[in-house]
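Novice: Sequence:
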Amino acid sequence: MMLALGMFVFMRQTLPYQSIRHDTDYNWPSNKRIGKRNAFQFTGPGDETITLTGALYPELTGGTLSLTALRLMAAGGRSWPLLDGYGLIYGMYVIKNVSETGSSLYPDGSPRKIDFTVTLTRVDESLVAMFGDLKEQVITLVNKATGMLGAGNVL
Numbered sequence: 222m223m224l225a226l227g228m229f230v231f232m233r234q235t236l237p238y239q240s241i242r243h244d245t246d247y248n249w250p251s252n253k254r255i256g257k258r259n260a261f262q263f264t265g266p267g268d269e270t271i272t273l274t275g276a277l278y279p280e281l282t283g284g285t286l287s288l289t290a291l292r293l294m295a296a297g298g299r300s301w302p303l304l305d306g307y308g309l310i311y312g313m314y315v316i317k318n319v320s321e322t323g324s325s326l327y328p329d330g331s332p333r334k335i336d337f338t339v340t341l342t343r344v345d346e347s348l349v350a351m352f353g354d355l356k357e358q359v360i361t362l363v364n365k366a367t368g369m370l371g372a373g374n375v376l
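With the numbering used here applied, the sequence shown corresponds to residues 222 to 376, in that order.
Not one of these hints is a red herring.
Have a look at the derived ranges for each label pair, beta carbon to beta carbon:
no., residue 1, residue 2, range
1, R242, K365, 40 to 46 Å
2, L326, T274, 17 to 23 Å
3, F229, I255, 50 to 56 Å
4, N252, T338, 35 to 41 Å
Calculated from the structure, these hints are not laboratory results. Ideal Cβ positions, reconstructed from N, Cα and C, are used throughout, including at glycine.
Working from the sequences, and respecting the hints, build out all of it.
Specialist: Here it is, written out as C-alpha cells:
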C-alpha cells in the first residue's frame, strides 16, 4: 500500500502514482505603514493540498476503473481520511480534481497509457481537532484500567 484515501488504496493494481506533491499555505496578511515596511500578522494555516501524478498502463496496472472509483468518491461530496503506507495520518481530505489523458490508443479507442493527476485538499481543522487530545484519552484509559484492577477485576 502506497496511500489510502478512505477505503480506496493506492497501489500497483489500482492507481500507482509516480510523484506526490504536498503543498501547505500559511496566511500572513499585511498592513501598510507610513515610512516603514508592511507589518505582517500570522492568522493561521491556509490550504493544504496533495497532488498525485502518474501513468497507468492498463495491461500492467490499474486503469479507467480506478479513476472512475475516485470520481464516484468525489461526486459523493464527502471527506476521507488519508494515510500513507507507514501509518502516518495526513488528515481528512476531499477529492478536488481528477484528470486523465489517454494515449497510444488501441484500434477500439481504449488507451495503452493513461497519464493522470489527482488533487486532494485537506478540510479538517487539525489532527488534534479530529482525534481530540490523545494525552487526555490515554490518562482516562489508564485511570479506568487502574480502577478495574483495584476493584479486583482481572484483565
